[in-house]
Each structure stands twice: as structure tokens, then as C-alpha cells.
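Student: Residue numbers (this note's numbering), protein chains in the order written: chain R, 63 to 385; chain C, 63 to 385.
Honestly, I wouldn't trust all of these hints.
What the hints assert, rightly or not - Straight-line Cα separation of at most 20 Å, SDA-like style, residue types lysine to any residue; simulated pairs:
| id | chain 1 | residue 1 | chain 2 | residue 2 |
| --- | --- | --- | --- | --- |
| 1 | R | Lys331 | R | Leu274 |
| 2 | C | Lys259 | R | Thr273 |
| 3 | R | Lys259 | C | Arg269 |
| 4 | R | Lys331 | R | Asp120 |
| 5 | C | Lys259 | R | Glu316 |
| 6 | C | Lys338 | R | Asp247 |
Unchecked claim - Beyond 12 Å from chain C on every Cβ pair, some chain R residues (computed):
| id | residue |
| --- | --- |
| 7 | Val65 |
| 8 | Thr78 |
| 9 | Arg90 |
| 10 | Leu111 |
| 11 | Leu132 |
| 12 | Ser150 |
| 13 | Ser157 |
| 14 | Tyr178 |
| 15 | Asp185 |
| 16 | Leu204 |
| 17 | Glu288 |
| 18 | Thr361 |
Keep in mind that the hints were calculated from the coordinates and are not lab data.
Think of the CB as a built atom: it goes at the ideal place given N, C-alpha and C, for glycine as much as any other residue.
2 protein chains.
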Amino acid sequence: MKVTTVTAAEAAARLTQHNDILILTHRRPDGDTLGSAHALCRLLRQKGLRAFLHHNEDATPRLAPLLDGLTAPQGFEPHFVVAVDIASEDLFLASCDVYRGKVDLCIDHHPSNTGYAREVLLDGQAAATGELIWTLAGLLGLAPGREAMHALYIAVATDTGCFCFSNTTPLAHRIAADCIEAGVDVHAVNREFFERKSHARFQIERRLFDTLRFYENNRVAAAVLERDFAESVGASGDDLDNLSTLIMQLDGVECAILLQELPQRGEYKVSLRTQKPLNASSICAAFGGGGHARAAGCTVRGDAVQCRDMLAREAVRQMEMPC
Amino acid sequence: MKVTTVTAAEAAARLTQHNDILILTHRRPDGDTLGSAHALCRLLRQKGLRAFLHHNEDATPRLAPLLDGLTAPQGFEPHFVVAVDIASEDLFLASCDVYRGKVDLCIDHHPSNTGYAREVLLDGQAAATGELIWTLAGLLGLAPGREAMHALYIAVATDTGCFCFSNTTPLAHRIAADCIEAGVDVHAVNREFFERKSHARFQIERRLFDTLRFYENNRVAAAVLERDFAESVGASGDDLDNLSTLIMQLDGVECAILLQELPQRGEYKVSLRTQKPLNASSICAAFGGGGHARAAGCTVRGDAVQCRDMLAREAVRQMEMPC
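Using the sequences and the hints, build the whole thing.
Tutor: Here you go:
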């Protein structure tokens, strides 16, 4: 499919030219894909359109409420399919495979977007896809309601690590200011996503630090989280979020790698974060993955220690390449 | 001294009616007192006034740069003394004792301000004193330079825990947005204050969690950090910052108490944080301290375990009081 890049104004026009809209989110969804999708759904309904979210069975307990009341009923036939915050069809849920090659519009902020949709609204500088949805609201002539603002706050706050990561933009802060003024209980969101740690989470963090492995003079740090351990402490999906960010905090670390064992034994979801100038997306691309310059992912299979060492070696190799 | 509350406009007028201004900051200074003082000093100099910061010998390595080049020369005789972010003369440095009863203007955001200055600009709703300085900049007809903006970013970001705590306001976010647009390297600040953890810090955190004591069904959590342990891991002042925030993260905890042993053995600086509706300032007031509703402090003397239990008992007592 030939992909066309559209402006925000064109995307807004496209959305209002159709009805019966289905909005897709990515597998192992984060606050941005679900928050942005929820907000977009509400905005389209404010415009009098019929819009629904495709159900997302991967949604963790703290994100699942973003789907409530908006998911497509059985037998719904969409006339327009929108993918939100999805960089590639490889990140589709299995239940969304039927829409491969059939996405009309993708709204995204990942520079690694593969251009799988017929048209794409892409801003690689945006802190979150939520910024694009906020911009679309203005172009649609809408003042988002409180629920849409609550969802947008989740989108921008989670993707910026509560306005802390290097991708934080002035717009992300201004959206947050508007959300507070719109009556969104941002502290409840902050507490849930950034402050509250379950006892299981604490045990996971301690495990990680007890088993962390360093390479290249402490510049690369990598850890493996085995499924057996996670289950033994009763960790939920939310407890396993953002662990690579934690490893990244260690003084001197320029590349943090977390291998998290998936349900299929011997398969690991990799979360990788970097400091400038190292490019996380480039490192993950070597293993068929991708993402952003400072945060990316991939999936690897094999022996945990060998995979961990392999990823660390690639990080070191790219560190030594001339910029 | 009879204290008069002034508006921001009156404070701005007062500042420009005088020259040879000395700006005081509190002992064990945080990002808000030093960041706000630095910004105010630069703004007054932009107005063509002679303004200096009183040296602050308690400044930790990561905050000390805020004093560089702005401290009062030996023999400087101020004609106007301004206290920034200081709630009480009890929080004066010993070297500032000479200014007790002599502060002309206090600019602060602590509801517990004791009214020790001749005039006070007080906004108990502000996320940080930095917001007041930013407002003063506008009233003084100034666009703050990048260094002032950098200092203001430190002020608002640290006092809100990187826009995470419940005191975060729309204005704090908008100041941050302006700072990013003014070219402040906010990520360098975020990394230094919120992301980077020294290896000493990690050991301190693990010690805390290994020795944490719970009360009242896990609703109160308290820990003691002995000076010997802190010294044994080579912890600096910066490594010991915000530890009570960490304890507060544990699921179910409504009051987090940290006792940190001071140089005088048997004396402890207490940092106490609460969830609504429990009032941290009220709990600390029972021991001669104060602060904000969600974060406050005091100093206690005696046996560590007894002090810890005493503080926890007061927290529980106030929990059980009808609201």
C-alpha cells in the first residue's frame, strides 16, 4: 500500500468525512495508545459520529478503565479504521490481524513508523500521540470534555515519565496545565502510575538490583526478569512496567536493558533505554525491533544469559561507532 | 514586629524602591529556596539594582552552583533584606541570625509562615516560591534571562517532585513550558534531580526498605537512617534527599516518616509525608515543626526507636481524629 503523509488539518477533515469508525491500539498497551484512543473516541462522538475502540485484551488493570463503555459491539462493521500510537502492524493484537493492510489512518509519534496505513499523521517530535489528539481536538473545533482530558493527561504523562524524560515538550506541559484546569484529578493519576508501588513491585525492584549485570565500565547495565520470580511475588502487568527506566537511573549507565520473560518460556520482551547519543531504536533494530531514540524494544529468543550478553554487546558495539 | 501581608504588585514595587538588597535562603536548602533566590537576584540585577545572595554553607553539591557568582562580598551592608521560601526564623542559617527581626520582605508559599518579616508576600496555594518569583518578573516588566529561567525550573520542578506531587499547579506546568522554550536544558536538571541515583543512594534505599517499620495495618511506615550507615556508603547530602517520598510510594501507606540522624548524635531531622486528609504540618507541629499539608518536618532528640515510635503514634492519633 502506498502511504501518504497527511497534516493534522487533513487528518481532522478525513475523520469527519466518515462514520462508523473503529480505533485500534497496540498490544501490551501503554497509557499513550489507550489514553489517546479513548480521547479520540470521545471527541468523534462529541462530533456526532459513531466511533468505537477495538477491545484490547492486553490492557492491565490500571489501564483497562480507558476501554470501559467505548468498545465496539459484537458484529460492528467499521467504515473507517484508525490506528493510534501503533508504529507497525507487528504491534497489532492478534485479534486485529484482520485489519492488516486495511488501516485508513494512523496517528502516531514513533519515528520508526513503517507506513502501513493508507494515510499517516506522524510527528516524531511529539512527546506522545496524545499531543496529536489534542491538536486534532482544536482543529475539530472541540473543547474536550473532562473524560477526554483525563485520558489525554494519562497519554502525555505516561509517555514522558511524568514530564521527566528527555522527550518532554512545552506542549505536553501546557496540555497538563489545561487538564488540571479542566478538573482532571491529576494527582490520582500520578499516584497510580508514578508513585504507588505494590509490595510485589518492591520485591521485583530489589531482585533486579541484586542480579543486575554491568558491562563496559558500568556504562551498560542489563537484567533478566524470569517469569517464575514474577509469579512467585504475585506481580501484575502494572508491576512490571517501566523497569528499564529504573536501571537507567544508576549513575554512569548509558544503556539500560531489561529482558522480561514472556509466557512462552525462553522468549523475552526487551525494553532498552539510552542516554544521548546512543540510539535505542538502532540497537533494537539489530534484533528486528524499534521505537524511539531514547527508548525502544524488541523480542528475543534463547537462553536468558546469552540473550542478555548479546544485547549488551550490540549496545557496546554501537557505543564505539563514530557518531 | 507587626507583619503586613502584601500583594505581588506591592512586593514588586517594594523591591524597586530599594538598593543593596540581600537575599536569604533557608538552612538545608532545597531547589526552591536556592532556585527562587537565584532567579530573584538575577531579576533585580536586570533592573539595574545591586542584589546579592547570602552565602548558604548547607548547599549540597548539586545545588551549590545556584550560588556561584551571586554571593555577597565580605563587608556588604544591605539596605533591604529579603527572605525567600523561609517559613520561620528557626530555619535561618546560624550565619543569618544577625538578620532575625530585620527581614524587610519575605516571599514564601508555606502556609505555616510565622510572619517574622515586616512584610510578607505569601501564597499558600503556590506549588513553589518560584511561582511567586515568576509572577514578580512579569510585574517588574522583565523577561527572565535563561539563567533565571533555569533556576526557576529547578524551583518548581523540585518542589513538585517533577510535576508529580499533589501541589502541582497549572502555573507550575506553564512555567516549565516557558523554560523549555527559553532553551533551559530541563532534561539535564531532571536527570540530576530525579533520575540519577548514585550507587550510595541505591544502598541507602535498600537499607531503608530492609529496616522499614509499619504501624496501624501498614498505614504508617517509618524508618531511621543512622549517620554511621550513611557515612559507610559514602552518601552525600544529595543522596539523602526525598527519601520519605520513597517510603510514601508503598501501597497503602498514608503517612511516611523518615528520621535522619544529624551530625549531633541522638538528634534527628524528621521528614514526614501524608496522603489526604492527614495533615503533615499538624503532626510535625506537635514536635515544634511545620510545613505543608502533605509534607512537613521537625527535629527530635533521643533514642531513635523511641522517637520513631513516638512520631508514628502521633500520626495514628491524628488519623483517628474526626475530620
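Student: Does each hint hold? Answer for all of them.
Tutor: For each hint, the structure was consulted:
no. : hint                : result
1   : R/Lys331 / R/Leu274 : 17 Å, holds
2   : C/Lys259 / R/Thr273 : 17 Å, holds
3   : R/Lys259 / C/Arg269 : 17 Å, holds
4   : R/Lys331 / R/Asp120 : 14 Å, holds
5   : C/Lys259 / R/Glu316 : 13 Å, holds
6   : C/Lys338 / R/Asp247 : 13 Å, holds
7   : Val65               : 31 Å, holds
8   : Thr78               : 30 Å, holds
9   : Arg90               : 23 Å, holds
10  : Leu111              : 31 Å, holds
11  : Leu132              : 27 Å, holds
12  : Ser150              : 27 Å, holds
13  : Ser157              : 32 Å, holds
14  : Tyr178              : 31 Å, holds
15  : Asp185              : 17 Å, holds
16  : Leu204              : 20 Å, holds
17  : Glu288              : 21 Å, holds
18  : Thr361              : 27 Å, holds
When each numbered hint is compared with the structure, no violation occurs for any of them.
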